[in-house]
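Novice: What follows is the residue order along each chain.
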Amino acid sequence: MNDLTNLQELAKGISVLYVEDNDIARKKTSNLLKKIFKNVSTASNGQEGLSLYMKSKFNLVISDIVMPKLNGLEMINAIKQVHKSQRVIFLSSYSDITYLTQAIELGVDGFVFKPLEYDKFFDVIHKLLIQIRHTSENKQYKAGLEDLVSQRTKQLEEKNIELQNTLEELKKARYLKEEMKIAQKVQQNFLPKEIPSNKNMEVATHFEAAQFVGGDYYDFFFSNDGVINIIIADVSGHGVGPAITMSTFRGICRAILTSSNFSFPEQVEHINNMVCSDAQNSDFFITAFFIKYSEKNNSINYIGAGHNDILFYNSNMNSIEKLSSSAIPLGIFDTIKYQIVEKQISCNDFMVLYTDGLTEATNDKEEMYSEKRLLDTIHKNRQKNSSSLLTSITSSLKNFIKEKEKNDDTTILITKFL
Amino acid sequence: MKTATSKIIIKNSLNNIKDVMNWIKIDLKPLFQVENRYQNLKLCLQEAVTNSIIHGNQSDEKRKVKISYFISDTLKIEIEDEGNGVALEKQNCDIKDIKKEDIFKESGRGLMLMKHFCDEVIFDKNKTTLIVRYK
Amino acid sequence: MNLDIQKSNHQMQIIFIEDDRIDATNLKEVKELLSPYILEILNSDIEELQFDFTSINFIDSSGLAMVINIYKKLAAKKQILSIYNSCAFVQEIFKVTKLDTFINIR
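Protein chains in written order, with the numbering used here: chain B, 965 to 1382; chain V, 17 to 151; chain A, -18 to 87.
Check before you lean on any hint, since a few could be wrong.
Said to hold, decoys possible - Residues of chain B clear of chain V, computed beta-carbon distances all greater than 10 Å:
(1) ASN995
(2) ALA1042
(3) ARG1218
(4) ILE1304
(5) ARG1337
(6) SER1352
Unchecked claim - If you anchor each label on the Cβ, the simulated ranges turn out as follows:
(7) A:ALA69 / B:PRO1079: 42 to 48 Å
(8) V:ARG53 / B:GLU1367: 19 to 25 Å
(9) B:MET1281 / A:ARG87: 56 to 62 Å
(10) V:LYS151 / A:GLU13: 42 to 48 Å
(11) V:ARG53 / A:LYS59: 37 to 43 Å
These aren't lab readings, by the way, just hints derived from the structure by calculation.
Backbone N, C-alpha and C fix where the C-beta goes; we use that ideal spot for every residue, glycine too.
Here chain B stands alone, though its shape is the one from the complex:
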């Protein structure tokens, strides 16, 4: 490797002190450093580093900041009391902007963020070694002082820009964290706070976001004539993007499904059109199930767009039926026409709506929870009230996947008709 030989050449005669409290990181990085420098000493905390330094000076000190006994900043501060122009490279994680500003105040020659990106690390070492060379050669080139001064000024400017960039990166990381928090609040706010209270309908819901924020959405709201709209939807992907998309989708659904100018199929057409135009700019689609429950008529009308079947318990037949989607997901074609399906409701019927985060949840053996297991659980607990039925599903899921992380949002809605 050309770069390596170049570095080794520059590193001739340079002694390095490397201080890092994490044993694994220290072993790994010191082995790397030994490929460049012949003389590498290591210490596992600031105090040890300082006492090693006091025994013999080092040309370069590379140090972690957060360490027990004496931290990196304290150690370097002590060293600089003795050798003002000690060369230092700090290694630190993205955790605190004050370390960066303190380091700059102390006087630092390089700052590399953990986890270490080795090319960046080598880059910083490379630049510093050139500087060290220049410093020693400076003594011999008194005649070329002017030249050297302008070079050094340029280097300082470059280093300044570098440090500014690092500062920017740190700010971005913090900003992203704040954004996530806001997105989370947005999502918490758009899940329905109030489920329409109805003496004939008992509801139990469960929602769990996979990552910070999810792409699942469910909603309950009244429209004209006392009809209750029930929606469950899932946008492809998850994370900050889909949660913001869902926020818009919620607004669209609430506005359109409550307008009395359009029939139910027309309403879904309009919703689909809006999702299509949104989807042009970014690649996504939304699976959804729309249900309108009329207490007056004792019936539901539903339209499914690419979403998994709704499991409907028919109390008269004592069996579970599947209500299916008749159309493809929203956001793909804007010319789709939708068809309603109507279904009569009897007392003690119930529906289980869910997103594929439930049926596709996997255990350690990569087996999926699956619709079959869900059906079995529902069947076993079909006589229970809605809250106990929900508990039996969530506990059955938990027993199946145990401690394994879920990588998709999980939404379960149970609506029981009394």
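Given the structure of chain B, go ahead and fit chains V and A onto it with the hints provided.
Specialist: Then chains V and A, alone, in the frame of chain B:
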């Protein structure tokens, strides 16, 4: 950080308290490293639900109680009944102020327990909110 | 809930078994089980009623109300109520509500 939320509606009967405890166990028990703190939460929740069933809903079987929890960096539980609201004076019940005669009065005790075993309790008409900093 | 009763000259011990709680969910049942024994004590010259709480892990405000009710009835006849073998959680509950100031609980 995980976020999760769940909501149930129970019929107004003390026999349903068991269902409520089974329901919270799956998501809420794992949040607590120390068993004690989960026990404290169960007591608070049971007090709030019992209050809603007996006082808020006047033990009327036809009424319902809505219970929901929200997990983010804290745990928030809301218990809502169909009553007219809890009298504001109850909010002023403070453990320090109890005189010996008062100890014999039943009504304050449940609220005392809630305030002691929970980080924060908020009463808002017919809705009680419990906040637990589980971390 | 089941009770195990032990009597001696001046004391009656009631040991609660099988349910680990005295609360809103089983209060009615517990009251019914206890009432004949309470009546018996009130009509006797037994000096102390002891509750053995070894198996009790949980008590709420309704359970406390029942205990106080029994305490008051006994106190009127100058009889004592004590609770022993209680767990830390139950003790804390009695402490918070200041009921430990007049009911012997350990």
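Novice: Against each hint, give a clear statement of whether it holds in the structure.
Specialist: Evaluation of the provided hints:
1. ASN995: About 36 Å separates B:ASN995 from the closest Cβ of chain V, which puts it past 10 Å; holds.
2. ALA1042: Its Cβ never comes within 10 Å of chain V, the nearest being 36 Å, so this holds.
3. ARG1218: The claim holds: B:ARG1218 sits with its nearest Cβ about 19 Å from chain V, beyond 10 Å.
4. ILE1304: It holds; B:ILE1304 is separated from chain V by about 28 Å at its closest Cβ, greater than 10 Å.
5. ARG1337: holds (16 Å)
6. SER1352: violated (5 Å)
7. A:ALA69 / B:PRO1079: 42 to 48 Å: Since A:ALA69 and B:PRO1079 have Cβ atoms about 45 Å apart, the given range 42 to 48 Å holds.
8. V:ARG53 / B:GLU1367: 19 to 25 Å: holds (20 Å)
9. B:MET1281 / A:ARG87: 56 to 62 Å: holds (60 Å)
10. V:LYS151 / A:GLU13: 42 to 48 Å: holds (43 Å)
11. V:ARG53 / A:LYS59: 37 to 43 Å: holds (41 Å)
When held up to the earlier numbered hints, the structure conflicts with hint 6 and nothing else.
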